[in-house]
Amino acid sequence: MQRYSIWSLARNAMTGHKNWQAAWRHPEPKPAYDVIIVGGGGHGLATAYYLAKEHGITNVAVIEKGYLGGGNTGRNTTIVRSNYMHDENAHFYEHGLKLWHDLTKDLNYNVMFSPRGVLNLLHSDADRDAAKRRGNAMRLNGIDSEYWDLATIAKKLPDLNVSKDARYPVKGGLMQKRAGTARHDAVAWGYARAADARGVDIIQQCEVTGMIQDGNRIVGVETTRGPIRAGKVGIAVAGHTTQLLNMAGLTAPIESHVLQAMVSEAIKPTLDYVVTSGAAHLYVSQSDKGGLVFGGDLEFYNSFSQRGGTRTLEHVTAAMISLFPRYAKLRLLRHWGGIMDMSMDGSPIISKTPRDGLFLNGGWCYGGFKATPASGWCFAHTIATGEPHPLNAGFTLDRFERGYAIDERGAGPVPKAH
Amino acid sequence: MMLIPCPWCGPRAESEFTYIGDARRQRPDTSALEVSPEALQAHSDYVYLRDNPKGWHQEYWQHSSGCRAHLKVERNVVDHRIRASVKADEALPSFPEGR
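Protein chains in written order, with this note's numbering: chain E, 1 to 418; chain V, 1 to 99.
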């Protein structure tokens, strides 16, 4: 792999930038691999990278129906955080946040990680009690968290409506300073380039259409470019976990819902933090290009459409304008949708399955992007060793029937409510 | 914005409705005094598993900001077309494959 550095930049500038290597190869699929990862988004590519880097397994293929990062990796609002209360989630996401802080160096690819801080706004006494409890739980788990009072928030966020008469009066906020945002496409590209350099075959424009089964063992996949055999198969397909599991004769504890996000025209720096409000149903941050990237609720009905409706668009925009009145003058640049695999407790699945040789990474609800490094790291461990790492030991596929749901919100088996 | 045909009120805006979910799930009979492992598994599957098809989906909605009746709708979850809606306790008409 040609390393990126100030020297390589200068050297290539001398030759008019005509001699850069392609970031990854486009190989033809081999007849067989040790491991096949289905899904060339951030999670699948990260899994392949850590299989090669941490476990020395390099005879790996990542198979992608479309193009790299064209699914939810390229559709999220790029927020990275680890502000969870329950132990399983807290330790898992905190491991991920530590990986995020070194990711650019590790991959030799600028993922533009920006630990600018994530602020959860609190609008009632009950909101504040719950947030302080969560903040204390985080600190007991060794994760940074601090409470910001109204005076601090008013000073740090001059755009925010902190009037007592506001539709959502602000009482305080819970801040995680080490959290922030990253460039989502760069995460997919960085992992792809680093995995490719270690020998992983990345095969795009190749859709998996079936599983090759021998007894109870999955021994490969049928694809639009022919059958490919594999010692082990890992599924990492945000949005279509149900359909992939169906190919192996399994039913998923998942409903697919559509979530939309939107971005405004670019303006000069005005919002220094990622700001979220549970009561108003909003999260917003300003991208490095200057656009305000924001989103809110699901549409609340099953959908595979990858586009949102006007009702939610209006709801989310109204929420942002009520909190930040001066953004009402901005024009909307784009809005889009992605398919969320909503699990039955709002927590993900990184697990063995009832089929030998088949592993599952899915059910990310709408929190998959921040998990990309930790998810790939834990999934690689699970595939390589055949057993989960302690960090993902709770995220099993059978935890629901066994009564070990990890329900951060306490909403029960109602996927749209998480 | 979808227009959902309410059997009582006719086509109304989606914003008047609340989504309930998959209408094909059947709660298994767990009235027996001795619950077998199979019955327990069936009940767990009923609570936690979903068919989640990518295509036509039979689902319950409630006209919560209208007549408040529950209804059963058959909707394509890929393009959001609705091809039938009936009262919640009625059966949806059957359609030939591929329509």
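Among the hints, a few may not be true.
Using 25 Å as the maximum straight-line C-alpha spacing, the simulated SDA-like pairs for lysine to any residue come out as follows [said to hold, decoys possible]: (1) Lys-65/E x Val-47/V; (2) Lys-54/V x Leu-250/E; (3) Lys-416/E x Ala-32/V; (4) Lys-65/E x Val-78/V; (5) Lys-54/V x Thr-223/E; (6) Lys-65/E x Asn-76/V; (7) Lys-416/E x Val-35/V; (8) Lys-65/E x His-101/E; (9) Lys-177/E x His-101/E; (10) Lys-54/V x His-101/E; (11) Lys-18/E x Trp-7/E; (12) Lys-416/E x Lys-54/V; (13) Lys-54/V x Trp-7/E; (14) Lys-54/V x Thr-310/E; (15) Lys-352/E x Gly-412/E; (16) Lys-132/E x Ala-328/E; (17) Lys-54/V x Ala-328/E; (18) Lys-65/E x Tyr-48/V; (19) Lys-416/E x Glu-97/V; (20) Lys-54/V x His-123/E; (21) Lys-156/E x Gln-204/E; (22) Lys-352/E x Ser-44/V; (23) Lys-65/E x Thr-224/E; (24) Lys-416/E x Ser-31/V; (25) Lys-352/E x Leu-40/V; (26) Lys-416/E x Glu-74/V; (27) Lys-352/E x Tyr-48/V; (28) Lys-54/V x Asp-29/V; (29) Lys-416/E x Pro-37/V; (30) Lys-54/V x Lys-177/E; (31) Lys-54/V x Ala-279/E; (32) Lys-352/E x Leu-49/V; (33) Lys-177/E x Lys-18/E; (34) Lys-416/E x Asp-51/V; (35) Lys-171/E x Thr-310/E.
Selected chain E positions facing chain V (Cβ under 8 Å, derived; list incomplete) [as the list claims (entries may be wrong)]: (36) Gln-213; (37) Ala-252; (38) Asn-302; (39) Ser-305.
Worth flagging that the hints you see were computed from the coordinates, not collected in a lab.
The beta carbon of each residue, even a glycine, is placed where N, CA and C say it ideally should be.
So, going through the hints one by one against the coordinates:
{"no.": "1", "hint": "Lys-65/E x Val-47/V", "in the structure": "32 Å, violated"}
{"no.": "2", "hint": "Lys-54/V x Leu-250/E", "in the structure": "15 Å, holds"}
{"no.": "3", "hint": "Lys-416/E x Ala-32/V", "in the structure": "32 Å, violated"}
{"no.": "4", "hint": "Lys-65/E x Val-78/V", "in the structure": "17 Å, holds"}
{"no.": "5", "hint": "Lys-54/V x Thr-223/E", "in the structure": "19 Å, holds"}
{"no.": "6", "hint": "Lys-65/E x Asn-76/V", "in the structure": "22 Å, holds"}
{"no.": "7", "hint": "Lys-416/E x Val-35/V", "in the structure": "30 Å, violated"}
{"no.": "8", "hint": "Lys-65/E x His-101/E", "in the structure": "30 Å, violated"}
{"no.": "9", "hint": "Lys-177/E x His-101/E", "in the structure": "12 Å, holds"}
{"no.": "10", "hint": "Lys-54/V x His-101/E", "in the structure": "38 Å, violated"}
{"no.": "11", "hint": "Lys-18/E x Trp-7/E", "in the structure": "16 Å, holds"}
{"no.": "12", "hint": "Lys-416/E x Lys-54/V", "in the structure": "17 Å, holds"}
{"no.": "13", "hint": "Lys-54/V x Trp-7/E", "in the structure": "50 Å, violated"}
{"no.": "14", "hint": "Lys-54/V x Thr-310/E", "in the structure": "22 Å, holds"}
{"no.": "15", "hint": "Lys-352/E x Gly-412/E", "in the structure": "23 Å, holds"}
{"no.": "16", "hint": "Lys-132/E x Ala-328/E", "in the structure": "31 Å, violated"}
{"no.": "17", "hint": "Lys-54/V x Ala-328/E", "in the structure": "37 Å, violated"}
{"no.": "18", "hint": "Lys-65/E x Tyr-48/V", "in the structure": "28 Å, violated"}
{"no.": "19", "hint": "Lys-416/E x Glu-97/V", "in the structure": "29 Å, violated"}
{"no.": "20", "hint": "Lys-54/V x His-123/E", "in the structure": "38 Å, violated"}
{"no.": "21", "hint": "Lys-156/E x Gln-204/E", "in the structure": "45 Å, violated"}
{"no.": "22", "hint": "Lys-352/E x Ser-44/V", "in the structure": "19 Å, holds"}
{"no.": "23", "hint": "Lys-65/E x Thr-224/E", "in the structure": "9 Å, holds"}
{"no.": "24", "hint": "Lys-416/E x Ser-31/V", "in the structure": "29 Å, violated"}
{"no.": "25", "hint": "Lys-352/E x Leu-40/V", "in the structure": "22 Å, holds"}
{"no.": "26", "hint": "Lys-416/E x Glu-74/V", "in the structure": "19 Å, holds"}
{"no.": "27", "hint": "Lys-352/E x Tyr-48/V", "in the structure": "18 Å, holds"}
{"no.": "28", "hint": "Lys-54/V x Asp-29/V", "in the structure": "29 Å, violated"}
{"no.": "29", "hint": "Lys-416/E x Pro-37/V", "in the structure": "29 Å, violated"}
{"no.": "30", "hint": "Lys-54/V x Lys-177/E", "in the structure": "40 Å, violated"}
{"no.": "31", "hint": "Lys-54/V x Ala-279/E", "in the structure": "32 Å, violated"}
{"no.": "32", "hint": "Lys-352/E x Leu-49/V", "in the structure": "17 Å, holds"}
{"no.": "33", "hint": "Lys-177/E x Lys-18/E", "in the structure": "41 Å, violated"}
{"no.": "34", "hint": "Lys-416/E x Asp-51/V", "in the structure": "15 Å, holds"}
{"no.": "35", "hint": "Lys-171/E x Thr-310/E", "in the structure": "30 Å, violated"}
{"no.": "36", "hint": "Gln-213", "in the structure": "20 Å, violated"}
{"no.": "37", "hint": "Ala-252", "in the structure": "6 Å, holds"}
{"no.": "38", "hint": "Asn-302", "in the structure": "5 Å, holds"}
{"no.": "39", "hint": "Ser-305", "in the structure": "6 Å, holds"}
Hints 1, 3, 7, 8, 10, 13, 16, 17, 18, 19, 20, 21, 24, 28, 29, 30, 31, 33, 35 and 36, counting from the list given before, are not met by this structure.
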